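Chain residues, written in single-letter form:
There are 2 protein chains.
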Amino acid sequence: MGSPFQKVEGAVTAPQGFRAAGVAAGLKPSGAPDLALMVSECDAVGAGVFTTNQVKAACVIYGQGILAQQQPVRAILCNAGQANACTGEEGERNNAQLANWVGEQLGIPAAQVLTASTGVIGRQLDMPKIQAALPQLVQSLSTEGGEQAARAIITTDLVTKSIALETEILGHPVRVGGISKGSGMIHPNLATMLAFLTCDAAVEPHLWQQILHKAADLSFNQITVDGDTSTNDMLLALANGKSGIPTIQPDTEAAQILAEMVNTACIHLAKAIARDGEGATKLLEIQVRGAVEDADARHIARVIASSPLVKSAAFGNDPNWGRVAAAAGRAGIPFDSRRLDIRLGDFLLMQAGMPLAFDRQAASEYLKGDPVTFTVDLHQGSGQGTAWGCDLSYDYVRINAEYTT
Amino acid sequence: MGSPFQKVEGAVTAPQGFRAAGVAAGLKPSGAPDLALMVSECDAVGAGVFTTNQVKAACVIYGQGILAQQQPVRAILCNAGQANACTGEEGERNNAQLANWVGEQLGIPAAQVLTASTGVIGRQLDMPKIQAALPQLVQSLSTEGGEQAARAIITTDLVTKSIALETEILGHPVRVGGISKGSGMIHPNLATMLAFLTCDAAVEPHLWQQILHKAADLSFNQITVDGDTSTNDMLLALANGKSGIPTIQPDTEAAQILAEMVNTACIHLAKAIARDGEGATKLLEIQVRGAVEDADARHIARVIASSPLVKSAAFGNDPNWGRVAAAAGRAGIPFDSRRLDIRLGDFLLMQAGMPLAFDRQAASEYLKGDPVTFTVDLHQGSGQGTAWGCDLSYDYVRINAEYTT
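Line by line, the protein sequences give chains S and W. Start counting the first sequence at 0; every next residue gets the next number (numbering that gives the first Met the number 0). Start counting the second sequence at 0; every next residue gets the next number (numbering that gives the first Met the number 0).
Just so you know, the hints here were simulated from the structure itself, not pulled from any lab data. Worth double-checking, as some hints may not be accurate.
Computed spacing ranges between beta-carbons, pair by pair [to be verified]:
hint, chain 1, residue 1, chain 2, residue 2, range
1, W, 355, S, 126, 20 to 30 Å
2, S, 280, W, 64, 36 to 46 Å
3, W, 355, S, 212, 46 to 56 Å
4, W, 333, S, 250, 15 to 25 Å
All of these numbers come straight from a predicted model, not from anything done at the bench. All C-beta atoms in this analysis are idealised placements derived from N, C-alpha and C, irrespective of residue type, glycine included.
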């Protein structure tokens with residue numbers, strides 16, 4: 000991709016001054032790791048993007064409150080297996096207790112601890128199990144623990160998702176690390192989507208929040224349908240300044256470089272979620288060009304990427320451009336359908352609103368690959384955007400029919 | 000249901016003065032009937048509700064133009080197997096030719112003929128086959144032909160859908176008949192949804208259009224997600240006055256009764272589409288109460304009914320109220336989640352935002368039935384609405400992965 004950013008090892012512990020760990024507290028019946036902790040050795044600037052669902056888990060309400068205070072934060076605790084959503088005041092008390100316990104163990108104020116949960120809705124957290132596991136979790140914290148944390152936050156995910164990038168800003172090497180969890184379902188983020196970023200740049204707090212918001216729009220929000228967020232979705236980011244660079248200010252070249260690196264990390268993590276769809280066999284990339292605005296293009300791309308008919312056709316290796324055209328048309332963005340071009344990989348399937356003859360056998364072969372790219376050109380302007388999804392397979396139904404309440 | 004309307008036989012030929020027929024023109028590879036014609040013996044008032052998709056089939060553009068002239072109409076020709084969408088100017092010329100041919104055969108102006116198509120997008124209509132079949136189609140027209148027409152408009156539907164109702168208005172028996180096609184998919188009307196109504200009342204033209212629009216909002220639009228309409232969706236209605244009653248005027252009791260009868264017919268036809276979902280094993284009915292506005296309640300009901308997670312859980316007989324709550328919450332309508340009640344049949348699963356203990360075994364047994372009803376009470380106001388969907392099964396994926404472009 001010719002990225003100016005170098006991939007490095009370590010996930011959320013790649014940036015300086017961060018430790019992480021993941022242990023099995025027993026929340027998952029499987030006995031797999033289910034409790035992760037990420038800690039900065041010094042005060043960090045926190046930023047967050049949260050679900051827009053009217054039904055918010057206790058950790059979402061709590062995290063929004065903490066970040067609204069605009070004070071430094073130090074740690075993120077995440078459990079997998081129990082969502083602590085629809086659990087009322089008891090759920091909120093339990094969540095606050097988690098922050099207290101972590102604060103005590105780390106010797107920092109509870110208000111410097113953010114929390115995240117994912118899993119089954121409507122059951123109270125198993126507090127004794129979490130309490131029992133916390134000392135071991137804190138003891139396990141290590142500057143090599145990023146991948147352990149990545150493993151402890153997943154639920155139905157088949158693979159862990161992590162990234163770490165480095166670049167030079169103002170003469171210093173600066174790193175961003177990240178982990179994410181989630182499954183690219185039909186409406187992807189009905190399954191909780193969590194992502195955590197660490198960064199060793201020093202960043203002006205409002206700029207950090209802005210960078211995170213923009214990155215979410217280009218990445219995690221592009222594997223979702225508008226407003227389709229679960230009760231627990233969140234993206235949290237800590238920037239601790241340990242790289243030693245002066246604080247990055249808005250409207251500077253340094254800010255631009257950092258934002259690009261955060262975008263790249265988030266797009267990587269989001270695509271990994273889309274690819275790891277429940278039952279998915281391939282990643283779909285939908286590129287929309289020629290819209291009036293970028294936001295229009297992003298929206299149309301999302302609608303196509305989340306169309307169950309497009310996704311089913313991709314699973315069946317059927318070059319069904321008609322479904323792509325129909326999905327674009329129902330996105331609610333006006334365009335002239337007589338100018339619509341649709342490409343599948345390099346195959347031009349539709350031009351100026353009319354289907355073309357194409358090598359159906361070769362196109363079907365292309366669809367057996369991974370990833371699969373559809374490109375839609377509206378020829379209305381210069382707006383562009385990309386969204387990602389996965390195909391819809393028998394296994395999606397099996398997984399979701401059998402998941403226990 | 001204690002309806003004041005009596006069910007009668009005959010579908011679209013139940014009202015006086017209508018004939019219909021369906022024949023096999025050879026558009027469907029299976030050789031099943033694929034060409035339907037409905038004709039009023041005298042001028043009728045026409046009304047229509049059309050897809051909002053930006054990509055509109057030739058018949059949609061044509062029908063909107065015909066009805067905009069506010070002149071009497073007489074006939075509806077519908078073919079199944081080829082959608083005549085994304086077919087450019089040639090498609091529009093072909094569609095106009097169909098109206099010409101039907102007009103010639105019936106001895107009426109082409110401008111009195113409406114057209115509808117459903118099937119594969121992007122191929123030109125097989126005009127020779129349709130032309131060859133038209134004489135037989137016209138000869139077959141009969142006052143008993145309603146069910147034949149119902150059979151000729153379906154595609155992946157497993158069953159035909161029809162209804163006819165009668166009631167007394169202003170001392171005369173008045174009838175409404177209807178047929179529909181469509182499959183209750185994940186986003187139901189990505190698959191083309193067609194419905195045709197006949198009526199032997201005389202109705203003031205604007206009132207007839209109003210009645211049809213309102214009925215669509217309560218029925219066909221409640222088996223869909225906002226804006227999720229295919230390139231070909233349409234609902235057409237002809238009222239020919241043959242019952243002999245004086246023309247029904249707006250804001251009268253007669254108008255109210257007629258509207259209620261049309262609503263009842265449309266809800267019946269819409270539920271039949273939802274129940275006949277591709278791969279569906281049961282009908283889901285989502286009732287939302289306590290919203291601020293009826294439109295809010297209808298919207299939330301739609302979002303729940305179209306949630307693939309809710310649909311998968313229904314297939315798996317999993318009383319997963321958490322998915323219902325999460326779907327309600329992401330509908331974009333503000334409410335206080337701490338007042339949310341959710342019922343599955345008679346089982347109260349959630350009250351005031353908190354899960355209740357319930358007999359999970361019995362609730363799962365209830366889910367094996369058909370239909371299955373979820374009731375959501377927001378406790379914010381008196382707005383209410385209902386939506387319908389079906390469960391999501393393995394067969395949905397099979398059907399849509401294997402459907403040929």
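Hints versus structure:
{"no.": "1", "hint": "355(W) <-> 126(S): 20 to 30 Å", "result": "21 Å, holds"}
{"no.": "2", "hint": "280(S) <-> 64(W): 36 to 46 Å", "result": "44 Å, holds"}
{"no.": "3", "hint": "355(W) <-> 212(S): 46 to 56 Å", "result": "38 Å, violated"}
{"no.": "4", "hint": "333(W) <-> 250(S): 15 to 25 Å", "result": "35 Å, violated"}
Hint check: violations occur at hints 3 and 4; the rest are consistent with the structure.
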